[in-house]
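Trainee: Chains as they are written, first to last, in the working numbering: chain A, 243 to 651; chain B, 273 to 567; chain C, 18 to 314.
Honestly, the hints are just simulated from the structure, not real lab data. Bear in mind the structure is a predicted one, so any value in this text is a computation, not a measurement. Mixed in with the good hints there might be a few duds.
[Stated by the list, open to error] Okay, the calculated beta carbon distance ranges per label pair:
1. A:T368 with C:G160: 29 to 37 Å
2. B:F329 with C:G106: 26 to 34 Å
3. B:V313 with A:G397: 41 to 49 Å
4. C:V158 with B:G319: 51 to 59 Å
5. A:P567 with B:G319: 36 to 44 Å
6. C:N173 with B:G319: 47 to 55 Å
7. B:E334 with A:T496: 17 to 25 Å
8. A:A602 with B:V333: 36 to 44 Å
9. B:G289 with C:F235: 26 to 34 Å
10. A:A466 with B:S357: 51 to 59 Å
The beta-carbon is built from N, C-alpha and C at its ideal position, and this holds for glycine as well.
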Amino acid sequence: MKTKTLAALLSTAIAVPVAASAVELEVTHWWTSGGEAAAVAELAKAFDASGDKWVDGAIAGGGDTARPIMISRITGGDPMGATQFNHGQQAMELVEAGLMLDLTDVAEAEGWKDKVYPPALLDSCTVDGKIYCAPVNIHSPEWLWLSNKVYEDIGIPVPTNWNEFVASAPQVEAAGKIPLALGGQPWQSNLAFGALTVAVAGLDVWKKVNVEKDMDAAAGPEMAAVFKAAADARKLAAKSTVQDWNQATNLVITDQAAGQIMGDWAQGEFQVAGEVAGKDYTCLPGLGLNKYLSTGGDAFYFPKLDDPEKEAAQKRLAALLVSPPVQVAFNLKKGSLPIRGDVDLAAANDCMKKGLEILAGGNIVPSGDQVWSPDVQTQLGDLQAEFWKSDMTPEDAQAKYVEILKAGL
Amino acid sequence: MTGQGPRGAKPRRRLSGRNIMLYGTLLFVSLYYLLPLWVMVMTSLKGMPEIRMGNIFAPPVEVTFQPWVKAWAEACTGLNCDGLSRGFWNSVRILIPSVILSILVASVNGYALVNWRFKGSDVFFTVLIFGSFIPYQIMLYPIVILLREMGIYGTLWGLVLVHTIFGMPILTLLFRNYFSSLPEELFKAARVDGAGFWAIYFRIMLPMSLPIFVVAIILQVTGIWNDFLFGVVYTKPELYPMTVQLNNIVNSVQGVKEYNVNMAATLLTGLVPLIVYFVSGKLFVRGIAAGAVKG
Amino acid sequence: MAGTLRRIRPFRNIYAKIAAIPMVLTTMVVFVGGTLWTVTYSFTNSKLLPKLNFVGLDQYERLWSNSLWLTSIQNLMIFGVLSLVLTMGLGFLLAVLMDQKIRYEDTFRTVMLYPFALSFIVTGLVWQWILNPDLGIQHVVRGLGFPAFEFDPLSNPDTVLYGLLIAGLWQGTGFVMCIMLAGLRGIDEDIWKAARVDGIPTWKTYAVIIVPMMRPVFITTLVLVASGIIKLYDLVVAQTSGGPGNASQVPAMYVYRYMFTAQNLGQGFAASTMMLLSVLIVLIPWAYLEFGGKKRG
């Protein structure tokens, strides 16, 4: 009697409603803020319109929370239909272990090789000449977002680069505002540091350290200047007590803070809040100093499923994600840049146009995710987290920085 | 040992200095304990403008149940905007088989350990107790592999099994201690009458151990209901328990943090274990006395 | 009698063994097997997926030269010692107060015990909210006319552990109080009578007679609380996410972070093996006292 009801209960629990004809694909991602959710809705809408069914598997708490769950499910033998990762080395081993679907035929049929721009994006998806992921956007973290109203109230012009921003900070503080909003999660300090590196030390030094992996450059005076700039920024952010990145963005939106160093995804939040670029807020790519952007971003990977019908649907989704209309709709909502040069973003706002210009001019660097392993990235994040919230000297921080990079060579 | 009264010296006068100290301390301590609950309830009944303006300890000027409605049925994670309601039923579906199975297994363990000792049973018991102290993170990966090999990764059964395994040490300890406090003559008499393993378990042990079963149920209901780590790692979104959804809702900040909705969601998630505790406070204390204290 | 027992012996073994299969499987496969598996792979350079490329003690060398790991250990020690002393001390004091034939004992007990029913996730969130400087205690006290009042433990690396402690004590002391109270009630009435006849003051009776008599209760509580402290994870994640900076990182977070975020399983396994080792250091003496002693008796 007891076992009978138990069995009945369990069978209802496990049963999943079966759709009539459309193929259901569960898609996991960590896009849960307002702007992000609106962008995902575009992807889901397009996939559903093509006759299949997008089953949303959002996991809140950012990539650091979501990735372990995604990886456990793939290695645990219960893979989803598709999943978000950042471009680069995050999913490399899953591909090498043969757990991911080869998308080469889709890429060839759709001509990704000629269309995807910059080509480095596709290279990040390629292992042994085969393509395993569909890039969906380019995100560059090197942006300074400023509240125009804060500066209007004080009666000084809005800064046009990082140095002016630092110079204006005492006045901002005197007006009772936080100069720099910064969330407490470690990756945000790491991002701010990366942005400062490109802005203060310049592209050549960045490439020397991160691409050529020249450890003397990492220990050199240019990087020392970056650490000093970070120490300045640390002081400016001392009064910022929020945790999430979008809470920090919200401080700028509500004019409680003057600025924030954050990726271009912050734009989605300004948009949801009804703010207009150039009028309510100002964006400075490369922090206004060095107009270079790194081309990190998001890509979708498709775990192997033993079901030809689902595999066909996975390939349909992959093709759809890269297709021009979806690229336009998605990236406009997300505030990110499209991964192909041949789409028309007439509807793009000021900030996105600035980004597109830089991209078209070829002033791009690869992202940290593309050049360093997650292990190194995590350690750098831990170092920055400690540096930004303690009184560690720039010299000590630089020494540790070099140590971590050396171990990751 | 449990039915006896307090032991301290008898109070002499109602309003002695000693009594004022005693009750004063207890009231002060109670304030510390009650403060968070008060804050949660009050905040969940306020609108967002009032929260931004005011004092988190003050009762709401204008009572609204909107945050509760939103937390239960409308709050979003990504594209799913059905609040905690789905997670609630998932938690119930996870809870019932897990509680039944884990208690059944553990009570039989305890019974076998006390009355049917076999070679090496002490060793297994000791290892089992050690197991209860292993940090869960250590077992995370091996269990992914175990569940994958059994083919039940990501299913409800997989999670039930995990809860049964991790509930086993403390429950077995509880049952073992309880059964060993029962008079051995009962068992011996039944054996002489020719009753077997299961007959003694069902006819003699079960009817005599109602209090310890209640304690085990309380511990398991609260433990499994509050579990976050296993729920998030060993299931998939459509089976996510309520705690995982709570985390998703609280961490899915869309613009401003909606503290009132977060608090309502938190209270809704804590409701089941809270009710269990408020209803069964005394039994729980009895169980603690019977189980933990005897070691 | 001996004859009957011998006659049914194989029968008895079969049923007891069948009934014990789940326990045996759990201990051997999950606890022993899983632990050995983890320890084995801690000597490899496994990244995202477990692979058997042995690298000796490399992971351990790296672990002990990593400042984040050292910070986590230090944090756990500070939090652990304070939390252990305070939960045990306050738990016992409260139990003594509750044992004074007070009125409304049930109500007081329920009030102190209910936080134990709430998960650490909930505990962390609520206290994060109460300790938030812009909304919680600091904001309210300032509003009462003390604009210079500062109470913001969670944003300062030097005080964040005390912020965690406030929440941890709130959740756990009631439970300890209940165990202690049960222990107090288990002490023979005659001892109290004898003490009163001898004219020993109440406080002295507690200190000199009752506390030593409750040694087993203290040990059980100590082990329960200590094992909870080593596992400390959810509370920190919910309340501070290890911040500000790395000021409230704990070992369990390090394990999780390296296993999954950094995709360096070997490093995560090495850290978890160290955690296991510390558990054993706490447990072996206790197991010896609890079980070793009895077997001889």
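Trainee: Compare the structure with each hint and give your call.
Mentor: Against the structure, the hints come out as follows:
The given range of 29 to 37 Å is broken by T368 (chain A) and G160 (chain C), whose C-beta atoms sit roughly 60 Å from each other. A hinted range of 26 to 34 Å holds for the C-beta pair F329 (chain B) and G106 (chain C), which are about 28 Å apart. Between V313 (chain B) and G397 (chain A) the Cβ separation comes to about 46 Å, which falls inside the hinted range of 41 to 49 Å. Taking 51 to 59 Å as the suggested C-beta distance range, the pair V158 (chain C) and G319 (chain B) does not conform, at roughly 24 Å.
For P567 (chain A) and G319 (chain B), the Cβ-Cβ distance of about 41 Å falls inside the hinted range of 36 to 44 Å, so the restraint holds. A beta carbon spacing of about 32 Å between N173 (chain C) and G319 (chain B) contradicts the range 47 to 55 Å that was offered as a hint. In this structure the supplied range 17 to 25 Å holds for E334 (chain B) paired with T496 (chain A), their Cβ-Cβ distance being about 23 Å. As the Cβ distance of A602 (chain A) to V333 (chain B) is approximately 55 Å, the hint placing it in 36 to 44 Å is violated.
G289 (chain B) and F235 (chain C) have their C-beta atoms about 30 Å apart, which keeps the hinted 26 to 34 Å range intact. Restraint check, A466 (chain A) to S357 (chain B): a C-beta distance of roughly 56 Å satisfies the suggested window 51 to 59 Å.
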